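Chemist: Mind docking chain R on chain S? Use the hints.
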Amino acid sequence: MADEQAPYAGPGTSPGTAVGDRPADVDVIVVGAGPAGAAAALAAARAGASVVLLERGPFPGSKNVYGGVIYGRILDAVLPNWWEEVPVERWVVRRSTMVLTETQALTVDFRTQTWAGPPYNGMTAYRADFDSWLAGKATAAGARLVTSTVATGLLRDAAGRVVGVRTDRTDGELRARVVIAADGVNSFLAKESGLLPKADPKHHTLGVKEVLSLPREVIDERFGLRGQEGLDIEMLGNTRGIPGGGFLYTNSDTVSIGAVLALPGLAAAKVRPEEIIADLKAHPAIAPYLRGATVKEYAAHLIPEGGYDHMPALATDGLLIAGDAAGMTLAAGIWLEGVNFAIGSGLVAGRVAAEAAAAGDASKKRLARYRDELEKQFVLADHKRLRGAPEIILSERIQRRYPGLVADLVESLFTVTNPEPKPGALALLRRAAKRNGVSLRELARDGLRIGKVFR
Amino acid sequence: MTNATGDGARGGGPLVVVCLRVTDLRPEVDPLTGVVTRSAHGAGLSAADEAALERALAIARAWSGRVLAVAAGSPIVEGPLRAAAALGAAVLRVAWPPHDEADGHGAAPGAASAVNAASAVDPEPFGPRAAYLADLAGDTRALAEVLVDAIRTVGEPTLVLCGDLSPDRGTGALPAQLAHALGAAQALGLVSLTPTDDGWLLAERRLDGGRRERLRVPTPAVCSAEAAGLRLRRAALPALLAAGDAPVPAARPTRPAVGAVEVVDVRAYRPRARVVPPPAGATPRDRLLALTGALVAHDPPTIIGPTDAGQAADALVAYLVRNGYLTA
Chain S
1 MADEQAPYAG PGTSPGTAVG DRPADVDVIV VGAGPAGAAA ALAAARAGAS VVLLERGPFP
61 GSKNVYGGVI YGRILDAVLP NWWEEVPVER WVVRRSTMVL TETQALTVDF RTQTWAGPPY
121 NGMTAYRADF DSWLAGKATA AGARLVTSTV ATGLLRDAAG RVVGVRTDRT DGELRARVVI
181 AADGVNSFLA KESGLLPKAD PKHHTLGVKE VLSLPREVID ERFGLRGQEG LDIEMLGNTR
241 GIPGGGFLYT NSDTVSIGAV LALPGLAAAK VRPEEIIADL KAHPAIAPYL RGATVKEYAA
301 HLIPEGGYDH MPALATDGLL IAGDAAGMTL AAGIWLEGVN FAIGSGLVAG RVAAEAAAAG
361 DASKKRLARY RDELEKQFVL ADHKRLRGAP EIILSERIQR RYPGLVADLV ESLFTVTNPE
421 PKPGALALLR RAAKRNGVSL RELARDGLRI GKVFR
Chain R
1001 MTNATGDGAR GGGPLVVVCL RVTDLRPEVD PLTGVVTRSA HGAGLSAADE AALERALAIA
1061 RAWSGRVLAV AAGSPIVEGP LRAAAALGAA VLRVAWPPHD EADGHGAAPG AASAVNAASA
1121 VDPEPFGPRA AYLADLAGDT RALAEVLVDA IRTVGEPTLV LCGDLSPDRG TGALPAQLAH
1181 ALGAAQALGL VSLTPTDDGW LLAERRLDGG RRERLRVPTP AVCSAEAAGL RLRRAALPAL
1241 LAAGDAPVPA ARPTRPAVGA VEVVDVRAYR PRARVVPPPA GATPRDRLLA LTGALVAHDP
1301 PTIIGPTDAG QAADALVAYL VRNGYLTA
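Protein chains in written order, with this note's numbering: chain S, 1 to 455; chain R, 1001 to 1328.
Just chain S, with the same shape it has in the complex:
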């Protein structure tokens, strides 16, 4: 029953509360009802475990920060024909990559109607809708969702094993055989457990976005779309030299535009992130798309981009970590994927946790199966194969010099210099490289590195 308000409603900083040998209340507690947590709760419930899914917001996805493309193939494991009911904004059929300088833009635009019909490839969606939908699948499978409740710390037994969580509610201790921490990039539980070290700014970026309102028909007309077709633009350059890039996604009657910026670069530049968005919105290649748009909301969020080499250990006695809490976001240049990796890791975590609970063995050794299974799947296989990508993508030359080099090269190629004869392409390349401070040797070396990473 209700009592006085808990005196402290924030995350705990203690190494965990030791508790007695009271039996577990449930098999699995999942903390965080984002894509990873909802998928974990779903998988565990489907495997027959009793599950409580804790969410600090008033409903799953209430933060609604994500502004990207959700790639749906992983949802085949959640629900057959999921596309018939998923709350989609638009199905992405156009994928553009823009290289920007302050006054130039080179766009590589790809479009396929194959992505406009089942089984689709990627979609834009509001996380408030998508997360609620996915969590709804978990509750339909038997998981119990508890919202507006913060997990403030871990419960441990005398041997130091994680046996539950403490929440900010009265009588808020809840015990389980396995706890899955899917509480996001700044996971307090993973930190408290010792699995997640103190955040290193080098391995995090800041994503900032604005959601701009435009009539649906205007979006269709300006971006060459029909019906539920959508566009995803990824941008390199025009971020005032701060490593990162921009993005633009079309929703039904809004457009999400924003930037993902490396934290050390952002701090050193002493620029506010909204200024970078303002630059992108004012760029001559972008501004016509957004004419007359009004800001509907804005948000910012940290993104773990360290990749495979900087992932924490994924399990300890009684505890698994999944999704952003485990640094599962794939940031590999042309591939920027998070939700599908979160769902993939969550599904495996839920299944492994349910099996461990059923076997009565939640030891670190048993839970190591989680990582083994992820290594066999795309989640860690892709991360492992692209482990060198974050470093090279965020390197100084790629971020600061190559956009200008490419744009200058293309501009000189298409600039008619009559009555001077056309110069050779190699000469133009040399000229553009020199103007942007890149030697041909560096160019070749980077080409080899990129080829090696993406082979």
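Don't read these hints as lab results, they were simulated from the structure.
All of these numbers come straight from a predicted model, not from anything done at the bench.
Hints may be right or wrong, so weigh each one.
[Said to hold, decoys possible] Estimated spans, in silico, between C-beta atoms of each pair:
1) S:Lys63 <-> R:Ala1315: 16 to 26 Å
2) R:Leu1232 <-> S:Glu275: 35 to 45 Å
3) S:Ala282 <-> R:Leu1320: 52 to 62 Å
4) R:Gly1013 <-> S:Asn81: 45 to 55 Å
5) S:Ala282 <-> R:Arg1285: 42 to 52 Å
6) R:Ala1268 <-> S:Asp109: 37 to 47 Å
7) R:Ala1062 <-> S:Pro23: 54 to 64 Å
8) S:Pro23 <-> R:Asp1197: 37 to 47 Å
9) R:Leu1032 <-> S:Lys63: 22 to 32 Å
Quick reminder that beta carbons are idealized off the backbone N, C-alpha and C, glycines included.
Modeler: Chain R alone, transformed into the frame defined by chain S:
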């Protein structure tokens, strides 16, 4: 009317009822067309209704009584009702406005539920749009009578509490209609309500000029109050988990939704154009001055009071007579 409630309201002691209005607290309004889109994500109680629930729980504790939380609406109201159940209230949903709920509208509880709040996206979580609009446009008498019918299946209330107004309807008329239907005293628009040892209630209400009036309210009574001067309690985790699985009983009204006013159409307010004669004046400046009334001497505002109610009423009537609104 069919009914079932939790045991909490059937025990001994005075029955304190809190009437809750569940609506989308953050609806989207198209600035061009005025079309309102409601989402299940924003479904919840206004601050005034949350305060009413808190007051009900506190007063029931002081009186050693029981609390019944009632909400009228589609099944989306079950979320906030479960949250109230987790705080110790018995709960009852009144299916309102009366329509066939078999179509699945609002089939899952919404945002304010602390347990199992997620649902598939329902385009009409608050029930069919036409029924919802007609309910908003209609008067509250029929709703008040249906609520009283539902409450009386549980017991005769000693106190009925409401928020001072709902975010979507916003008339604040329901408490008065409830008091009429119950034959109870009413004290509306309060800022505080305290039970006394002798079974009365001590209420405070704002007056102009920063002053407040204090009322002694007999029971049975219907009171509405602002969200002021309270700290809301939070449900304990075990109670929340228990309430999350519990069914919410529903009462189906036997009376029709019509009230004293029949609504035949719902549309945006469009005031009629008024023909204004052209202003007199030889120059544009003169015409502008005539049109706006600038530079014309006006009677300054008259401050009457502080005075008693009778003298204030006399002053108002005298003003209306003096300016031709009333005949002497």
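Chemist: None of the hints should be skipped; say for each whether it holds.
Modeler: Hints versus structure:
no., hint, result
1, S:Lys63 <-> R:Ala1315: 16 to 26 Å, "violated (56 Å)"
2, R:Leu1232 <-> S:Glu275: 35 to 45 Å, "holds (40 Å)"
3, S:Ala282 <-> R:Leu1320: 52 to 62 Å, "holds (59 Å)"
4, R:Gly1013 <-> S:Asn81: 45 to 55 Å, "holds (54 Å)"
5, S:Ala282 <-> R:Arg1285: 42 to 52 Å, "holds (44 Å)"
6, R:Ala1268 <-> S:Asp109: 37 to 47 Å, "holds (43 Å)"
7, R:Ala1062 <-> S:Pro23: 54 to 64 Å, "violated (38 Å)"
8, S:Pro23 <-> R:Asp1197: 37 to 47 Å, "holds (46 Å)"
9, R:Leu1032 <-> S:Lys63: 22 to 32 Å, "holds (29 Å)"
Consistency with the previously given hints fails for numbers 1, 7, ordered from lowest to highest.
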